[in-house]
Amino acid sequence: MNLGRLFRSPEAVAGFAILGLLAAMALAAPLLFPGDPLAIAGQPLLRPFQDWALPLGTDRLGRDVLAGLFHGARTSLAVGLAAAAASILVGSIVGTVAGFAGGLVDEVLMRITDAFQTVPGFLLSLALVSVVGPSLAVVVVAIALSAWTGPARIARAEVLSIRERDFVASARVIGMNPVEIAFREVLPNALPPVLALSSVIVAAAILTEAALSFLGLGDPNRVTWGGMIAEGRAVLRSAPYLSVIPGIALVLAVLGVYLAGEGVVESSAAREGQA
Amino acid sequence: MNRTVRLLKRRLVGSIPVLLIVVIGSFLLLEAAPGDAVDAYVASVGGDAGMIEALRQSWGLDASPMTRLVAYLWALLHLDLGHSVAFSRPVLDVVLERLPNTLFLMGAATALSFALGTALGIIAGARPGSARDRFLSIGSLALYAVPGFWLALVLTIVFSVELRWLPLSGMETIASGKTGLARALDIAWHMVLPVTSLGLIYFALYLRMMRAGMAEVWRMDFTLAARARGIPRRRIVMSHVARNALLPLVTMLGLQSAQMLGGSVVIESVFSVPGLGRLAQEAVGSRDTPLLIGIILVSAVLVIVINLLVDIAYAALDPRVGASEASA
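Residue numbers (my numbering), protein chains in the order written: chain R, 1 to 275; chain L, 1 to 328.
Hints are supplied without guarantee of correctness; some may be wrong.
The calculated SDA-like cross-link candidates involving lysine to any residue, where the alpha carbons are at most 25 Å apart (straight line), are [claimed, not checked]:
#  : chain 1 : residue 1 : chain 2 : residue 2
1  : L       : Lys9      : R       : Asp106
2  : L       : Lys9      : R       : Gln117
3  : L       : Lys178    : L       : Arg287
4  : L       : Lys9      : R       : Trp52
5  : L       : Lys9      : R       : Glu107
6  : L       : Lys9      : L       : Leu19
7  : L       : Lys9      : R       : Leu109
8  : L       : Lys9      : R       : Ala234
9  : L       : Lys9      : L       : Trp74
10 : L       : Lys178    : L       : Leu166
11 : L       : Lys178    : L       : Arg208
12 : L       : Lys9      : L       : Leu79
13 : L       : Lys178    : L       : Val192
14 : L       : Lys9      : L       : Glu31
15 : L       : Lys9      : R       : Leu104
16 : L       : Lys9      : R       : Met110
17 : L       : Lys9      : L       : Val192
18 : L       : Lys9      : L       : Leu247
19 : L       : Lys9      : L       : Met220
20 : L       : Lys178    : L       : Pro167
21 : L       : Lys9      : L       : Tyr314
22 : L       : Lys9      : L       : Pro274
23 : L       : Lys9      : R       : Gly103
24 : L       : Lys9      : R       : Ile112
25 : L       : Lys178    : L       : Phe104
26 : L       : Lys9      : L       : Ile24
27 : L       : Lys178    : L       : Ile24
28 : L       : Lys9      : L       : Leu20
29 : L       : Lys178    : L       : Leu168
30 : L       : Lys9      : L       : Leu253
By construction, these hints were calculated from the structure, which means they are not laboratory data.
With these hints in hand, go ahead and build the complete structure from the sequences.
Structure representation (structure tokens):
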């Protein structure tokens, strides 16, 4: 990756700046706001910029909005990254096995992929969380369950072309175990186009997590931006800032992921074009 | 027409195993949920321990999982999706009652996002790399980053709470006694915000696809030939470039349908539109797993049907599609 070229695009710079800020917020949350962000911090429905001890004001129950914003960044980033990592891992394994094994295995795995793509992903996540019960781990699994199909398809398409190459043939000739060929020779070479998709997957995961917690299906013991927006909805007329502030954080986070991802893909595409 | 029929037949046969996998998945989810169909039935209708035992036996719930899966499949074949706890009615009845509202919302939102995305995509793709193109691309990306439920809330704050131009929620004015055209206008009035929220989020996808497609066509020889012949740029953009880039967007219509169904859950919840999505949220709220699974099954069938229709439309628009199926 050519960092000079990456940072020549203003969009990529903006994207990485936003992501850096979010990561700093997430890491600093327990240091700056060591107390429980769900605890009462002051009088309820304090407007922003009134009291400098609570710069963004408080919600209906008197909880600190700024503390919620920082702790919410932790949840959003953690769930987004974990769910994206899980979907890419599962997707590339399924795709590699399907593409490399071919035949009946391929047919069965691809029909399963079709089935997962036929069911609206959000409904699937909703159903799983509602049946198993909301916790951070379940939310991660539920999001991954609806997002692994994209990586699986791309990995399979890559593997189909890679498995015909000479180095795979030579690995066969020297008597390498097929499982070893699939995962040590083929899979690493099939990964780049799958990873190019990761920013879209992370962004979708953050949005899905927010929508789930907005509907009351997030981990009840954690602050989430979606949950804060839902909280603010009850007082939408008198205190719209309670829904607007965490929403802006969400939009910035997702936009940051998109812009950074696009910057990386474009700069590596430009490098390939030059070579 | 023969070509279309052949394509249709192949797609229909192909969707059977997919649907079967969806059903098995639903069955597993139902099994994982606490309580079974009898608990659900008794909770809503009432009954004593003896009746519960008898029902379990007569519904075959004491049999092995394999037998139960077969029974479940058999019931589904007879369009029996089980019993809803929350509504004390068959699941299918409740779902079918709500389906038209969701179809209406989805259809209008799809039309909005397709029209807006294509139009702005043509403006962006007319001169790839221009300031206008950059602005539209970044702007649409920013909209795509907005969570649907939040956009819905912000639009509500602006247009219903502050400006009081549009109704806050619901599908129509309750007990207004309106009929005919007046009622249709009332519903349309209520649906402006839900349709706009849902449509605005997804139009970026069409814009970006249109733009990318046009950038590709600009590099082709026939575009160069058209320019060499001195055809006005405006005409090249419309009848050469945009026209050729438009076709792949039709496929996107089908692929988008599953995502839009998911998106309608939150939008319908925010605006209290009595559709499938709001029903799903109600099912979650009242722990009504049979109803939730029923909604998933109906949505899966809906997605398959929409994709089939899109395939047919595509085959009608592009004579190359399916032409190779004769030899395959």
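Right, here's what the structure says about each hint:
A threshold of 25 Å between alpha carbons decides the hint, and for Lys9/L with Asp106/R the separation of about 22 Å falls inside it, so the pair holds. Our distance criterion of 25 Å between C-alpha atoms is met by Lys9/L and Gln117/R, whose separation comes to about 21 Å. Restraint check for Lys178/L and Arg287/L: the C-alpha separation of about 35 Å exceeds 25 Å, so the hint is violated. Our distance criterion of 25 Å between C-alpha atoms is broken by Lys9/L and Trp52/R, whose separation comes to about 68 Å.
The hinted pair formed by Lys9/L and Glu107/R meets the criterion: a straight-line CA distance of about 19 Å does not exceed 25 Å. Restraint check for Lys9/L and Leu19/L: the C-alpha separation of about 16 Å stays at or below 25 Å, so the hint holds. Straight-line distance between C-alpha atoms of Lys9/L and Leu109/R comes to about 22 Å, which keeps the hinted pair within the 25 Å bound. Annotation: proposed proximity of Lys9/L to Ala234/R is violated, straight-line Cα distance about 51 Å (limit 25 Å).
With a C-alpha separation of about 24 Å, the suggested pair Lys9/L and Trp74/L falls inside the 25 Å cut-off, and the hint holds. For the hint pairing Lys178/L with Leu166/L, the CA-to-CA distance comes to about 18 Å; that is within 25 Å, so the pair holds. This hinted pair does not check out: Lys178/L and Arg208/L have alpha carbons roughly 42 Å apart, beyond 25 Å. About 22 Å separates the Cα atoms of Lys9/L and Leu79/L, which keeps this hinted pair within 25 Å; it holds.
For a cut-off of 25 Å, the pair hint linking Lys178/L to Val192/L stands: about 18 Å separates their Cα positions. For the given pair, Lys9/L sits about 34 Å from Glu31/L by alpha-carbon distance, which is inconsistent with the 25 Å threshold. For the proposed pair Lys9/L and Leu104/R, the alpha carbon gap of about 22 Å is at most 25 Å, so the pair holds. With a C-alpha separation of about 20 Å, the suggested pairing of Lys9/L with Met110/R holds against the 25 Å cut-off.
Of the pairs offered as hints, the one joining Lys9/L and Val192/L is violated, with about 38 Å between alpha carbons and a cut-off of 25 Å exceeded. Using a Cα cut-off of 25 Å, the hinted pair Lys9/L and Leu247/L holds, with the two alpha carbons roughly 23 Å apart. In summary, the hint linking Lys9/L to Met220/L is not supported, as the alpha carbons are separated by about 35 Å, beyond the 25 Å threshold. Straight-line distance between C-alpha atoms of Lys178/L and Pro167/L comes to about 16 Å, which keeps the hinted pair within the 25 Å bound.
Between Lys9/L and Tyr314/L the alpha-carbon distance is near 15 Å, which keeps this suggested pair within the 25 Å criterion. At most 25 Å may separate the alpha-carbon atoms for a hinted pair to count; Lys9/L and Pro274/L exceed this at roughly 35 Å. Taking the CA atoms of Lys9/L and Gly103/R, the gap is near 23 Å; set against the 25 Å cutoff, the hint holds. For the hint pairing Lys9/L with Ile112/R, the CA-to-CA distance comes to about 21 Å; that is within 25 Å, so the pair holds.
Between Lys178/L and Phe104/L the CA atoms are separated by roughly 20 Å; this keeps the pair inside 25 Å, and the hint holds. Distance check on the hinted pair: Lys9/L and Ile24/L sit about 24 Å apart at the alpha-carbon level, within 25 Å; holds. Distance restraint check for Lys178/L and Ile24/L: the Cα-Cα separation of roughly 45 Å exceeds the 25 Å cut-off, and the hinted pair is therefore not satisfied. Straight-line distance between C-alpha atoms of Lys9/L and Leu20/L comes to about 17 Å, which keeps the hinted pair within the 25 Å bound.
Pair hint Lys178/L plus Leu168/L holds up; C-alpha atoms about 19 Å apart against a cutoff of 25 Å. Between the alpha carbons of Lys9/L and Leu253/L the distance comes to roughly 21 Å, so the proposed pair stays at or under 25 Å and holds.
In this structure, the earlier hints numbered 3, 4, 8, 11, 14, 17, 19, 22, 27 are contradicted, and the remaining ones agree with it.
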